[in-house]
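Full structure from sequences and hints, please.
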Amino acid sequence: MKKSILTLLLVLFAMSAKAQMAQFQALYIYNFAKNIGWPSEDASKELVITIIGDNDLAAELNKLAASKAIGSRKVVVKESATANGLQKSDIICLGDAKSSQISSLLAAQEGNKNLIVCGKKGLCAQGAGISFVSEGGKLKFEISNKNISKRGLQVSQKLLQLGTEVD
1465 MKKSILTLLL VLFAMSAKAQ MAQFQALYIY NFAKNIGWPS EDASKELVIT
1515 IIGDNDLAAE LNKLAASKAI GSRKVVVKES ATANGLQKSD IICLGDAKSS
1565 QISSLLAAQE GNKNLIVCGK KGLCAQGAGI SFVSEGGKLK FEISNKNISK
1615 RGLQVSQKLL QLGTEVD
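Numbering of the sequence shown is given in my numbering, commencing with residue 1465 and proceeding in unit increments.
Since the hints were made in silico from the structure, they are not lab data. Keep in mind that the hints are not guaranteed to be accurate.
Below 30 Å or equal to it, Euclidean Cα-Cα: the simulated BS3-like pairs (lysine-lysine) are [claimed, not checked]:
id, residue 1, residue 2
1, K1577, K1610
2, K1585, K1552
3, K1577, K1552
4, K1622, K1532
5, K1538, K1527
6, K1577, K1532
7, K1614, K1584
8, K1538, K1552
9, K1538, K1498
10, K1542, K1604
11, K1509, K1602
12, K1614, K1585
13, K1577, K1604
14, K1602, K1542
15, K1538, K1509
16, K1602, K1498
17, K1542, K1498
18, K1527, K1604
19, K1552, K1532
20, K1532, K1602
21, K1585, K1610
22, K1509, K1532
23, K1622, K1498
24, K1622, K1538
25, K1552, K1542
26, K1509, K1610
27, K1610, K1622
28, K1552, K1584
29, K1604, K1585
This is the structure we're talking about:
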């Protein structure tokens, strides 16, 4: 009996920690969007964020999108199980569990002006613009100005200073 209660508590704690991480990542993504120089022709369009393989993050972003815009742009959150066949997106978030799809995602998005955000450390070295990093229980991020610039976007100095710049 005691063992099953302990197991249940551990499962609930793990679920709570994962949900809290998704909340933090959603807030970070909103701030990333505010600190990126988007093409002027997109200023009146919706800002589309596509999440690949992370339902918790998509749910948290949908909560934010219901009440917050990015400047004057309404935020629309889409979900996908894979990196293949995505429609136009301004931000694409590749969940940690789908990180092996980074190469196919980058190939499919070649020439598109979008921000690629990954949930696993080190993916900026493979072409992502931003990669989340968990250090000592704290959420941080790596950022590649070079990779973001290649996609036709500009990064604010403020955002570069907040992350760990890698190139």
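Earlier hints that do not hold, by number: 11
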